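K.L.:
One-letter residues, chain by chain:
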Amino acid sequence: MEQKISKEELRELESLKGKVRGVSLKADGGFVLKEMGEEGVKRLEKTMSDLGYPIVYSEIKEMDYYPIFLKAMTLIVLQRLFNFQEKDFMEMGRYGSKVSLILRLFVKYFFSFERVMKEIPKIWRKYYTVGDLKVAEYNKEKRYLIGKLYNFNLHPLECQYLKGYFPTVLRMIIRDEMTCEEIKCLHKGDDYHEFLLKW
Amino acid sequence: MDDNKEKAEDKESYLTDDLASLESYIHDLFYFSSLPLCFVSNIGVLLEANPGFEELSQYKSFEVVGEPVEKLFSKKMIDKLAKDTFKRRAVRGRELKLVNKKGKLIPVQVFTKVRENEEGDVVGYFLTPLDVTKMKAKEEKMKKTIKELKEKLKGCRKKK
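Going down the list, the protein sequences come from chains A and B. For the first sequence, the working numbering assigns the number 1 to the initial residue and increments by one for each residue that follows. For the second sequence, the working numbering assigns the number 200 to the initial residue and increments by one for each residue that follows.
Hints in this document: simulated from the structure, not taken from any laboratory. As the structure is a prediction and not an experimental result, all values here were calculated from the model. Certain hints may be false.
Output of the computed footprint for chain A on chain B, the stretches with three or more beta carbons under 8 angstroms from beta carbons of chain A [stated by the list, open to error]: (1) 211–224; (2) 267–280; (3) 287–296.
Here are the simulated DSS-like pairs of lysine-lysine, each with C-alpha atoms no more than 30 angstroms apart in a straight line [said to hold, decoys possible]: (4) A:Lys108 <-> B:Lys270; (5) A:Lys198 <-> B:Lys300; (6) B:Lys274 <-> A:Lys122; (7) B:Lys303 <-> B:Lys274; (8) B:Lys259 <-> B:Lys312; (9) B:Lys296 <-> B:Lys274; (10) A:Lys17 <-> B:Lys270; (11) B:Lys340 <-> B:Lys296; (12) A:Lys34 <-> B:Lys204; (13) A:Lys140 <-> B:Lys270; (14) A:Lys61 <-> A:Lys42.
Built from N, CA and C at the ideal position, the CB exists for glycine as well.
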């Protein structure tokens, strides 16, 4: 059987430090089910199992922590198994935000834009034990926000995922349609990731 | 020092277990109910929808979560409902029309209740829309029957 991730690549992924909440991985499984059906989920799970990580996505506990490299592995496997493109990963991010239990915990702050801005680092920390997300700048009148993500070296595909995730969450607070662009990226030689969101 | 660390880890483990149990309970409660239920934020964005709501609206929850609630109700009516809900804390049995995914208008009776955070700020409201299509049909049938009876009665009186 074709190896979707080489041994070297796998070793590199396994060396990634940090954990991710199950809710994120479970949503990935849910997205594959929606897009590719049960057969798609079976193929994803089989590939993960062949790589040494037998996961049943529907059985993942949303609030438990899992090794972060499983997130990167899932994204890579999806790209190689189903030829997922940037638009697919963005859609996956959008889906992830809509089914997130963690985000529900923060709904209590959704009464105020300013309050949500203040809570963003905490929201990030509820998902990942690594990386620091900060709102560097925002202007409600000029309708933009710049978010900076530090110390988060997961995988470039995760950046595509976040380009779908961030604007969907912000839309829940602002209501307007959003665009999101990654203007700096750790994987492209920058010191951190920077996302520009406009509405 | 090690003892303290062990205790902290034990505590964390208990809390995680409790959290998982609560998560499962809330999930079951929310998803088991066949009554349609959704949560709308204070700026009118739909943030949660249960399977009952999915069945009624024919949208999957991920298709409506994050969307303005006007996608499902007329803006004028839903604005009024939100205003009254925030003012009175709850609204019971108001009649609205829900537009489902196929564009069909479904007569519903809605019940709302505000949700506040720990600091007392209103963060939105829960909304339950109950499908009253059958009730409305029976009501119409009854009105028609009453009308027919009245006409017949009128006819009888004239004959007399």
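K.L.:
Determine which of the earlier numbered hints do not hold for this structure and return their numbers in increasing order.
P.N.:
2, 3, 6, 10, 12
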